[in-house]
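Chains as they are written, first to last, in my numbering: chain A, 1 to 338; chain B, 339 to 629.
What the hints contain is simulated information worked out from the structure, not anything from laboratory work.
To give an idea of the chain A side of the interface with chain B (calculated C-beta under 10 Å), a few residues:
(1) A119
(2) T122
(3) L132
(4) A133
(5) Q136
(6) V267
(7) G306
(8) L314
If you're wondering where the values come from, they're calculated on a predicted model, not measured in any experiment.
Think of the CB as a built atom: it goes at the ideal place given N, C-alpha and C, for glycine as much as any other residue.
Below are the chains, spelled out letter by letter.
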Amino acid sequence: MQNVVPFQELQPGKRANEWKKYYLAALVIGLLLLFPFMNTSSYLINLLTEVFIFGIFAMSLDLILGFTGMASLGHAAFFGLGAYAAGIVAVRYSPDLFITLPAAVLVAALAALLVGLLALRTSGVYFLMLTLAFSQMFYAATFKWTWLTGGSDGLSGIPRPVLPFGGDSLINFFDSTNFYLLTLAVFLASYFLLWRIIHSPFGQVLIGIRENEKRMLAIGYETRKFKLASFVIAGAFGGVAGALNAFYIGYASPQDLFWAMSGQVLVMVIMGGAGTLIGPVLGAGLFLMLQNVVSSYTERWPIIMGAIFITFVLAAPKGMVGIYGKVAEKVRCRLWKH
Amino acid sequence: MNEAVSFYIVQLLNGLAYSLLLFLLAAGLSLIFGMLDVVNLAHGSFYMLGAYLGYSILGWTGNFWVALILAPLLVGVLGMLLEGTFLRPLYKRGHLDQVLLTFGLAYIFMDLAKWIWGAEVRSVSPPPSLEGSLEILGSVFPKYRLFIIIFGLLVAFILWLILEKTRLGAIVRAGVSDKEMVSGLGININLVFRLVFASGVALAALSGVVAAPVLSLYPGMDFDTLILTLIIVVVGGLGTLGGSFFGSILIGEADVFGKVLLPDYALFIIFGVMAAVLVFRPSGLFRKGGA
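Build the full structure now, drawing on both the sequences and the hints.
In structure tokens, the structure reads:
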């Protein structure tokens, strides 16, 4: 868990370990930047693009689920609203990236504020039921308001974003490599921002709420406000992911807001490991890879996904990061013995 | 009689029939939560399974009443198996794992139902003895909906009777307030858990079978219904039969009248009612104690 001193911090050479982490991060980022230029198939580039998009989505859910300790079952609402906001602005007004993306953030954050204000009047299982219920309300609204959203057909013909300067001629995002680099940039920025948020005093309060809300209240924190802020930030990042996804597939549909989508992102977080930032990203990667492989053999992916979900909940509730931690611990114990 | 008045009477009765269907669901969900501390997000899925199983049994036997008895029984047995294999290992862990588990189950049932029964909308006709309409207070009302009202009230009464007047009901009520004490008194709490889960799930399936001739069967009916049920328990409060009952009536009537009077905003009316309850009484209208 976050607030327990990790084993290696008691060991000498901690700073060396820290530096190793930074080297590793730089190496991974460098490889990801070079990835499309290494004679890679467009299939892999597209897969990674999707991993980044859903990585942002999963990290945003983890901010509330893993770090603040609030289970939201309606996170797809903000993903979908971001997708529609960006899509509608792009189709009707301008595909400028610096207009569409902020629009998505704004709409998603406002919706999260509205839902949060109401749902946070309760807590625990009631909060969870309310997030699910409100997300289904937004889902139904996208069906009903055909004039705005295109109804059940969805909103199609969403163009790829354009930079306000230079236009298409400078960087053309219809090219899958350029779009890959764009999503990578947004992903890295989101990761960095969320990392800063979690390691700020504000983030430490959130973790405190997760560990013991009553105690935080007793110390004098207005926990409801912190929870609301966390919920709104998570909604905003969910909107970013939704907007990127709408650009990527050129399409926004009610399915983006459906409970099954909320379930999907929950699986990603659980598979990767809630309460860490890298976990949800790894979960998104594993999920999308599995989905791609399984879907080429059978149409029954949802059943298999449900089974994977249940397996992780029963057998590995801390996800891949938890499994890695256990294995690493065992290896370390062996090494110490000899 | 005045046409407007008779219109409202008919809608009121429609709303009551709908409310009582929802009550069967909410009562099951509430009972399971009160006893097992599990919010069963697969509750809508069991409703859907009940409806589809009823549809199939009706197809094989041609008898609605057989379906009405058999489908909830089958779903109840399924619930019993699921409780033993999946939920039991999770009682020692927090709420979240249990909720996630039922969410995973809902995912599987959604796809399973689509696989077995297809994606097209299906409808069931009411039993021949209940076809046609009756005249009540000068307005025409379908016999089957009247049956739903009577049947729903009967089930509500039986539930109340069991919970309040029998030994089993006393055990369940005691279990809701203090499980450890009950097991300390030498009662097999695991068996009670299993029975409560099975009956809650069977109630959902029963609601599905009864609803089938009125509301059609379609993929997505599971969560449409679950959301309404969740709203009811938020409004009424979890863990009380009375809360489920009056919450169902409030939401059921609001939905029916909303759909008739303001068809474009029907959904928002229910959510508006819920939002109002959350603002003014966040612990629910009928819940004892704080949130």
